[in-house]
Amino acid sequence: MKIDNSLPLEYSTEENRLKVLGFWIFLGAEIMLFATLFATYFTLFDRTAGGPTGAEIFEITPVLIETILLLTSSFTIGLGIHAMRLGNKKAMLSFFAITLLLGAGFLGFEIFEFVTYVHEGAGLQTSAFTSILLTTLGTHGAHVTLGLFWGLFIILQVKKRGLTPETANKSFIFSLYWHFLDVVWIFIFSFIYLKGMM
Amino acid sequence: MKIKWALLTIVFTVITVLTGCEPLMVLDPKGPQAETQANDIMLSIGIMSFIVIVVFALLAFVLIKYRASKQSKDYEPPHMEGNVIVEAICVGIPVLIVAFLSFVSVQSNYKVEATPKGYEDKEPLVIYASSSNWKWHFSYPEEGIETVNYLNIPTDRPLEFKLYSYGPITSFWIPQLGGQKYAMSDMVNTLHLGADVPGEFMGRNANFSGKGFAENTFDVEAMPEAEFDEWVEEVKETAEPVTEEKFDELLEPGHLGRMTFTGTHLEFNPPPTGHNHGSSDSDEHSEDEHTEHQESSDSDEKETEHNNH
Amino acid sequence: MDYFDRFAIPHPSPVIYASMVAIGITVLAIIAGLTYFKKWGYLWREWLTTVDHKRIGIMYLISALLMLFRGGVDAIMLRAQLSVPENKLLDAQHYNEIFSTHGVVMILFMAMPFIIALMNFVVPLQIGARDVAFPRLNALSFWLFFMGAMLFNISFVVGGSPDAGWTSYFPLAGNEFSESVGTNYYMIAIQIAGIGTLMTGINFMTTILRMRAPGMTLMKMPMFTWSSLITNLIIVFAFPVLTVTLAMGTMDRLFGTNFFTTDNGGMDMLWANLFWVWGHPEVYILILPAFGIYSEVISTFARRNLYGYKSMVASMVAISFLSFLVWAHHFFTMGQGALTNSIFSITTMAIAVPTGVKIFNWLLTLWKGKIVITTPMLYSLLFIPLFTLGGVTGVMLGMSAADYQYHNTMFLVAHFHMVIIPGVIFAMLAGLTYYWPKMFGFMLNERIGKWAAWLIAIGTLVAFMPMFFSGLDGQARRMYTYSESTGFGIYNMISFIGALVLAVGFVLIVYNIYYSTRYASRDISSDPWDARSLEWATHTPVPEYNFAILPQVNSTEALWDAKKKGHVLFKGEYEKIHMPNNSGVPFIMGCIFFAWGFSFVFGMWIPLILTTIGIFACMALRSFEKDHGRYISVEEIEETETKLRGAN
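Protein chains in written order, with the numbering used here: chain A, 1 to 198; chain B, 199 to 507; chain C, 508 to 1155.
Honestly, I wouldn't trust all of these hints.
[As the list claims (entries may be wrong)] Listed next, the in silico PhoX-like pairs over lysine-lysine satisfying Cα-Cα at most 20 Å (straight line): (1) K1150(C) <-> K1083(C); (2) K1070(C) <-> K877(C); (3) K195(A) <-> K89(A); (4) K877(C) <-> K263(B); (5) K90(A) <-> K160(A); (6) K409(B) <-> K1071(C); (7) K170(A) <-> K90(A); (8) K2(A) <-> K1133(C); (9) K1071(C) <-> K271(B); (10) K1083(C) <-> K268(B); (11) K434(B) <-> K444(B); (12) K875(C) <-> K263(B); (13) K160(A) <-> K875(C); (14) K817(C) <-> K727(C); (15) K1133(C) <-> K170(A); (16) K271(B) <-> K875(C); (17) K1070(C) <-> K727(C); (18) K271(B) <-> K1070(C); (19) K160(A) <-> K170(A); (20) K159(A) <-> K595(C); (21) K877(C) <-> K268(B); (22) K877(C) <-> K2(A); (23) K271(B) <-> K877(C).
Honestly, the hints are just simulated from the structure, not real lab data. Just so you know, these numbers come straight off a predicted model, no measurement behind them.
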């Protein structure tokens, strides 16, 4: 395998460059996926069929906490990648671990939020609005859940195998994924929660 | 090769014979809307035939002239990149044709979505046409009568159909009076038609709606206004009233023959509240909250151009 | 017993029982054959675990041909039922299931794999690469497609086929009106295959963007590669919409959500909109690679470079962009009002312009050429007039006011068959014949091939031209029967005859494969058609590494330059070549996906959870796996090259 040392580790082999580009294209597809969900949400958001509306069920506190947790995790994974570029494996692993903990915290709050919704009579089957709301949030939540496992696997691999072009590449791609989830959340926060509460 | 050409000849003979048969229903209009559409169709067939002939001729020309068997052995075809002028012509002519057709198409769109031309000064007859598996219910609210699977209409009077469905999406279509429109369960679509001459026409649901779809047809009879009024009076005198239980029974899946009632189901089973932009006088619906959202049912960023109220 | 009732077919008939027996016998025969000839190991090592793009391409091709016959049999049954008025051959429910299956199979499980087959085989060769960017992902794509297709195909013997049309409009496709599990099959089988296609899109975009031979800039790519790039771009942007749409449809049917229901706020038109936001670009996903094939074939057999390369590329870009802006023309009659209809009418007709440009460019490529009519060229030359007929009727359908009369009629059916068959199927058959020698090392018989081409072309005309007339005479599509007084009988009889002619054509193709496999000469050169691009610059059969030395490219027609202008393609010495390892995981994952889909269709939640865990376990395994591939040594390369050079 040819390793080009003038480039960062995650870009250093041709295979790594292919993977990064491929992942960007995958994120393009993910954008379309969430765009479709958002478009459906905007179409259906006032079709509550007598069930609860967004303004009735959204609560700012848990949503704000979730937002802060996820935004911070996006920052810490950025620090993790920075540490990786400096070759500081220990710092990188710590930042990755913090990221995952924050992500798990986010997920905890989201599950709590879902349980509250269902208790308030806003279940998946209540109306078109609740169906698309829970599906959109759930799709994002499922992405985060997948990310937690993925991140954990990467931590284990970096720990065992050290910072090689391969593990660096995986970590970098994972960070792209995590940032992407953060961006999606910003849209969810602004256009679902804030708009819904107003 | 001879057999192939013989087969080709047969194909074209058959096609020519077919076109010679009695007029096709869509091209034999009996109302102003159908006439607009038939004219558009004939116009586009004309223009498209021209394009087809040009392409066929060009293809025949190059095939005859540039076959390898007709050329000397050492002929080397030239290397040619594109030529701006040639390609500009290839773009320009289609653009002109499409622009012309777009112009015609836009004009016709507004025509078929409005009260038929020449009928504007007459009071429209409003008929609620609703479908259920696999029947059509026609309610005449002003006359206070209702029919199943047949439709009587006066000639020379604009007809305003309000379409909706109890169940799957269906499409209300009377080819000789005009094109079809969907009937859906959560909103009312408006279709403007008119009949110029008395006669019997075929009407059907054109949109696949399950097992009984093929037989989901209705008879249309257009008659002079006086005759129509007579028929209404007769129905009022002889028919049974439509009750809620009776109507629920009618909604059960299955096929029914022709039926006639006094009163309409609109009183106890009102049509859905949503409206769509089917009406020319859409202002009257613009206060309707639902309209916007029903319309923006697309899923892309391009919604803006769709949400034109 | 109640539990097992759901696996029974709700609406059985002798034909279905006969099919069950036939399927059973075929499966047993295959298992027995493999065991008797001791081919299990070969099958596993060389095919099921392969990550080689050429073999994956061939597997796609075989699946596509199988599905072509499945869909074709459906088509014959449909045409037979309609051939005379009041026919009793099929009842309404069967007819509905068959036309729904016919549509899905032909579009998603025949045309899609056919184009992906050619892309897989040709694109890496054409850009001078050794494989695709992610070979293992490519294998997974194939197995997901294959398992999705199989899942869909067992529906008619286990639980019932979908019966709401290939578009599966809600509320007709909802639980209330479509009670059997058929529509569940539709949702989940297409979902699985769709995920595979999405990954193909990502894979090929990366491949084409990053793995081209030295010197091959974007504007020096052969036209088929260009068309593949654009197609995969459309796949990446359109398929996620389908993913979401199908997921919502599945949830409506299995979890009681209210996306498309008629009460609780659901919106039935939303399905139609979302479906066609994917569905219209899908049409161009099919047709653009076909255009690519025609460009290659026409330029090869006109013995000329492709005329107007730049405008060909520009028109494809324009088509891909416009394809996302026309979806509402599938339901002009939904009542969006004159303004919306006008906008979509104009964008729809606008697509005719770039398409027209392509037709004229092909005609100009033939101009001053030296036209040799081989079978692939014959398909291409028949394509131009037939597709023009189909294409201009598309412009007619684009006029929205007139569309009120065409919509849902046989006119529409005639139109899309007249574009898809000459446009896509002819291209695939041309591509099949054209690339056959590269794939298998012998040519298909030209005489039989030309007979088949003529029969298919004539069959297409005879089968579909009458539909234009019956449509204008008021025959709605998807009617399982009609009365004699309608006068549709004559048109449908002619259509049926045409369908039979088509069937004979396709059977001839199979006979040709059989005949040529037995009798054709194996002594062919690596470039039997005297072609112009890189896929013909390597040996036949193609070694697993494609090119011993990566080619140097200086123009769109690198091989032609090498042949005529003394351009040197292969410079330098052999070096060891890095190749990916085979892997059984994609196949196993495909099998788990099949079980997952089957559990989902029948709402068997415990197996569903177990298989879901299985899928994620495969992904976790992949994450931890250390697989650095393997190297082919210089000695091995020298040996292979000497052997292959001798073979030619």
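Against the structure, the hints come out as follows:
A hinted pair counts as satisfied when its Cα atoms are at most 20 Å apart, and K1150(C) with K1083(C) qualifies at roughly 18 Å. In summary, the hint linking K1070(C) to K877(C) is supported, as the alpha carbons are separated by about 17 Å, within the 20 Å threshold. This hinted pair does not check out: K195(A) and K89(A) have alpha carbons roughly 42 Å apart, beyond 20 Å. Restraint check for K877(C) and K263(B): satisfied, since their Cα atoms lie roughly 9 Å apart, inside the 20 Å limit.
With a C-alpha separation of about 12 Å, the suggested pairing of K90(A) with K160(A) holds against the 20 Å cut-off. For the hint linking K409(B) to K1071(C), the alpha-carbon distance of about 64 Å lies beyond 20 Å, and the restraint is violated. Between the alpha carbons of K170(A) and K90(A) the distance comes to roughly 17 Å, so the proposed pair stays at or under 20 Å and holds. Proximity of K2(A) to K1133(C) is assessed by CA-CA distance (about 17 Å); at most 20 Å being required, the pair is judged to hold.
Restraint check for K1071(C) and K271(B): the C-alpha separation of about 16 Å stays at or below 20 Å, so the hint holds. For a cut-off of 20 Å, the pair hint linking K1083(C) to K268(B) is broken: about 50 Å separates their Cα positions. The suggested pairing of K434(B) with K444(B) holds, with an alpha-carbon distance near 17 Å, which does not exceed 20 Å. Of the pairs offered as hints, the one joining K875(C) and K263(B) holds, with about 8 Å between alpha carbons and a cut-off of 20 Å not exceeded.
Between K160(A) and K875(C), the direct Cα distance comes to roughly 66 Å. Violation of the 20 Å bound is thereby established for this hinted pair. Among the hinted pairs, K817(C) with K727(C) is consistent with the structure: their alpha-carbon atoms are about 10 Å apart, no more than 20 Å. A hinted pair counts as satisfied when its Cα atoms are at most 20 Å apart, and K1133(C) with K170(A) qualifies at roughly 13 Å. Proximity of K271(B) to K875(C) is assessed by CA-CA distance (about 14 Å); at most 20 Å being required, the pair is judged to hold.
Under the criterion of a C-alpha separation no larger than 20 Å, the hint pairing K1070(C) with K727(C) is consistent with the structure, at around 17 Å. Straight-line distance between C-alpha atoms of K271(B) and K1070(C) comes to about 18 Å, which keeps the hinted pair within the 20 Å bound. Pair hint K160(A) plus K170(A) holds up; C-alpha atoms about 14 Å apart against a cutoff of 20 Å. Between the alpha carbons of K159(A) and K595(C) the distance comes to roughly 71 Å, so the proposed pair goes past 20 Å and is violated.
A distance of roughly 9 Å separates the Cα atoms of K877(C) and K268(B); the hinted pair therefore holds under the 20 Å criterion. Simply put, K877(C) and K2(A) have alpha-carbon atoms about 47 Å apart, too far for the 20 Å limit, and the pair is violated. At most 20 Å may separate the alpha-carbon atoms for a hinted pair to count; K271(B) and K877(C) meet this at roughly 10 Å.
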